[in-house]
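A.B. asks: So the protein sequences, as listed, match chains A and B.
The first sequence: position 75 = 86 (the numbering used here), numbered continuously.
The second sequence: position 348 = 350 (the numbering used here), numbered continuously.
Note that these hints are calculated values from the structure, not bench results.
Quick caveat, the model's predicted, so the values are computed rather than measured.
Beta carbons: idealized from backbone N, C-alpha and C, even for Gly.
Possibly wrong hints are sitting among the right ones.
The calculated lysine to any residue pairs, modelled on SDA-like cross-linking and capped at a C-alpha distance of 25 angstroms, are [claimed, not checked]:
#1 K120(B) x V291(A)
#2 K94(A) x K54(A)
#3 K136(B) x L281(B)
#4 K109(B) x E57(A)
#5 K4(B) x E327(A)
Quick look at which bits of chain B chain A covers, simulated, 3 or more residues with Cβ under 8 angstroms [to be verified]:
#6 66 to 78
#7 121 to 127
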Amino acid sequence: MSIYFDHAATTPISDLALSALTDAAKKLGNASSLHSAGRSVRKELEAAREQIAATIDCAPSEVIFTGTGTEANNLAIKGLYWKAAKSGKKIVVTSTFEHHAVMDPILWLAEHEGAQIIQLDVDRNGVLNFDTLNKAIAENREKIAFISIMHSNNEVGTVQDIAQVVRLAGDIPVHSDCVQSFGKMELSFNELGLTAATISAHKIGGPLGVAALILKKGLDIEPILHGGGQERDLRSGTFNAPSILAFAAAAKESRSKLGERSTAVRKLKQQLIQVVKEKVADAWVNGNQTNTLPGIVSITFPRSDSEGLLLLLDSEGIACSTGSACSAGVQRPSHVLLAMGLSEDETTSTLRFSLSYSNTIAEIEKLGAVIASVVERSRAASGKK
Amino acid sequence: MKKLKVIAAMSGGVDSAVAAARAVDAGYEVVGVHLALSSNPKKYRSGARGCCTIEDSHDARRAADVIGIPFYIWDMAEEFHKGVVENFLSEYQSGRTPNPCLRCNEKIKFEAVLDRAKALGFDGVVTGHYAITKDSPNGKTLHRAADIDKDQSYVLAVLRTDQIAGAIFPLGDTVKTDTRKEAKERGLFVANKPDSHDICFVPSGDNAGWLRERLGSETGDIVDQSGKKLGEHKGAYTYTIGQRRGLALTVPDPTGEPRYVLKIEPKSNTVVVGSHDALAVSTISATPPTWCGPIPEVNKNLRGFAQVRAHGEALACDYKFDGTNLIAYLDEPVFGLATGQALVIYDNDRVVGSGTICETI
Numbered sequence: 012m013s014i015y016f017d018h019a020a021t022t023p024i025s026d027l028a029l030s031a032l033t034d035a036a037k038k039l040g041n042a043s044s045l046h047s048a049g050r051s052v053r054k055e056l057e058a059a060r061e062q063i064a065a066t067i068d069c070a071p072s073e074v075i076f077t078g079t080g081t082e083a084n085n086l087a088i089k090g091l092y093w094k095a096a097k098s099g100k101k102i103v104v105t106s107t108f109e110h111h112a113v114m115d116p117i118l119w120l121a122e123h124e125g126a127q128i129i130q131l132d133v134d135r136n137g138v139l140n141f142d143t144l145n146k147a148i149a150e151n152r153e154k155i156a157f158i159s160i161m162h163s164n165n166e167v168g169t170v171q172d173i174a175q176v177v178r179l180a181g182d183i184p185v186h187s188d189c190v191q192s193f194g195k196m197e198l199s200f201n202e203l204g205l206t207a208a209t210i211s212a213h214k215i216g217g218p219l220g221v222a223a224l225i226l227k228k229g230l231d232i233e234p235i236l237h238g239g240g241q242e243r244d245l246r247s248g249t250f251n252a253p254s255i256l257a258f259a260a261a262a263k264e265s266r267s268k269l270g271e272r273s274t275a276v277r278k279l280k281q282q283l284i285q286v287v288k289e290k291v292a293d294a295w296v297n298g299n300q301t302n303t304l305p306g307i308v309s310i311t312f313p314r315s316d317s318e319g320l321l322l323l324l325d326s327e328g329i330a331c332s333t334g335s336a337c338s339a340g341v342q343r344p345s346h347v348l349l350a351m352g353l354s355e356d357e358t359t360s361t362l363r364f365s366l367s368y369s370n371t372i373a374e375i376e377k378l379g380a381v382i383a384s385v386v387e388r389s390r391a392a393s394g395k396k
Numbered sequence: 003m004k005k006l007k008v009i010a011a012m013s014g015g016v017d018s019a020v021a022a023a024r025a026v027d028a029g030y031e032v033v034g035v036h037l038a039l040s041s042n043p044k045k046y047r048s049g050a051r052g053c054c055t056i057e058d059s060h061d062a063r064r065a066a067d068v069i070g071i072p073f074y075i076w077d078m079a080e081e082f083h084k085g086v087v088e089n090f091l092s093e094y095q096s097g098r099t100p101n102p103c104l105r106c107n108e109k110i111k112f113e114a115v116l117d118r119a120k121a122l123g124f125d126g127v128v129t130g131h132y133a134i135t136k137d138s139p140n141g142k143t144l145h146r147a148a149d150i151d152k153d154q155s156y157v158l159a160v161l162r163t164d165q166i167a168g169a170i171f172p173l174g175d176t177v178k179t180d181t182r183k184e185a186k187e188r189g190l191f192v193a194n195k196p197d198s199h200d201i202c203f204v205p206s207g208d209n210a211g212w213l214r215e216r217l218g219s220e221t222g223d224i225v226d227q228s229g230k231k232l233g234e235h236k237g238a239y240t241y242t243i244g245q246r247r248g249l250a251l252t253v254p255d256p257t258g259e260p261r262y263v264l265k266i267e268p269k270s271n272t273v274v275v276g277s278h279d280a281l282a283v284s285t286i287s288a289t290p291p292t293w294c295g296p297i298p299e300v301n302k303n304l305r306g307f308a309q310v311r312a313h314g315e316a317l318a319c320d321y322k323f324d325g326t327n328l329i330a331y332l333d334e335p336v337f338g339l340a341t342g343q344a345l346v347i348y349d350n351d352r353v354v355g356s357g358t359i360c361e362t363i
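Turn these sequences into a full structure, and let the hints guide you.
C.D. replies: See below:
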């Protein structure tokens, strides 16, 4: 029986989402069509939009469906930049430890569209340095196109004080990648005062291939995909009604069970940390543990090699991830952990475990039974001193 | 009994894919590993030549999926650069002609990979090489493959007995056409993928150009054996012993005989040419010897066969170990033998040992 500790990569589709998906897939009609078949699909699709809006506390018209979280991030980042660049605002403020789906479009803008990047540091705990944010805003207020800071980090789980970012930003647009936070903790688009937020279905028990950009009402940005203009003229492409309905089902379910699930998952995570530390005395946990996602934990096993750890755990039937960037299949030091001040050797000695309410204490005990020997063998193979 | 665990090195080609599949059939617990040999994938791994392109790593992964084994990519770029590429350059700089495939087997596949595999708790490394290992009272020995045209024992003759002990070659008894047939039957789409021939880190196939780029192209003299200048060369290390074409000599030979590269002298940056007869070599010294089985008694003359090129002929010879060098005395001379290549000694089909050719007479 395999043990899955990689729920931040993707998590099983829930029964409710799966039936919503298959029921809707059997139904004929393009939601853009004016005839009754189209209208019937459209009605369900808009109800799904309202449900999702309710779970993140925004207006339904602020939900723009996209194919993936990466697409939503690209739409926000490029769209906000192109809009601002028209009035000469070309500075993008972001952090050093964003997901590649945020970092790479920003780098692309710098390479191709003349954007200037200000990257804000994070400390050893993965917490944003507000002094540098203050300074960046004070010095460049009139020239900043937008600020993009992730709500919570996908590798270490650290949650940022986005409300404070928005307060400091004033009228500068703020985008936040909320993919890991959505459905896992309290999240209100309105209360945070964000301009744009990215959420995705498959991290919360919805299907793959559907996500959304939450974008403030009345804000028109440049689209990336041009065509029929289905989503507020900002995103074209036939409505993926079955996936959107399943997304809504998953969002509603995770919202309604948020409290009990996050308590259970947080408890499992504490148990996992305890078990690992008992077996591997010098292992340490990365990131702020007071303001963190319930299910993500990053653990460094000094002098080991995360590739070896992963291989050996996999052969024991335990799935987790190295949390490192992957270039042509070759592990590279994680920019997130480097940004937090870990050495290259330490970043490639680190694993990410991400838990769900479906994990059990027995599974964590199984990890505890093998981790010491796995780390020992990986250390022997790593050549690290 | 607990299953033996092995790493299958998967290049993305047909041989290593079938070898991995056969290891599974043989009852091993197999984990597929593709070796990333370049730190800059765009540098070596562009184009479809050689054996380390990005397509190859995808092909290897797909084959592992079809076989149903876990698959990982191991970054061996640093080890490869140090052990193979740098050695390749420094050998050319010293006027020798290296064989990087031997170095890769010696330093990467059966050292870096095997060591790592063992440390992780694996029992050995499976590759798609065409060679046979046999159990003997003195441990495992290395032998020629059944398919003599594909036999790769020459490029494996750099393995020590402890490395041979950890090596598994499931294709040793198979002819290549059968390997392709089997790949097809197993649903491995790499069945018809062409064999790799080039040096994998020279994707263009232009070895001379690649060397010129890295070592410069300082012109120098082409001279005859008496030292008389006959022409100019464009970088001594881009010539090979025995080479006849492309010399562009300005002084014709008085007898009208074609001339061949006899020697490359990096210190004086000269290329020495002469007649075909002058290329004849009967005695070959190689160092340092690697023994693929028992070490021969010092200074004892033994009968065997020498091979001096991959897929070259087996040359009948006497050979001995003088305590430092492995020396072969050929029954019939060979022509155009470059230092830096490997001398491999066979006792019929068994590999006795090898060394890097340092002197020829």
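A.B. asks: Against each hint, give a clear statement of whether it holds in the structure.
C.D. replies: How the hints compare with the structure:
| no. | hint | verdict |
| --- | --- | --- |
| 1 | K120(B) x V291(A) | holds (22 angstroms) |
| 2 | K94(A) x K54(A) | violated (32 angstroms) |
| 3 | K136(B) x L281(B) | violated (37 angstroms) |
| 4 | K109(B) x E57(A) | violated (62 angstroms) |
| 5 | K4(B) x E327(A) | holds (14 angstroms) |
| 6 | 66 to 78 | holds (count 5) |
| 7 | 121 to 127 | holds (count 3) |
Of the numbered hints listed earlier, those contradicted by the structure are 2, 3 and 4.
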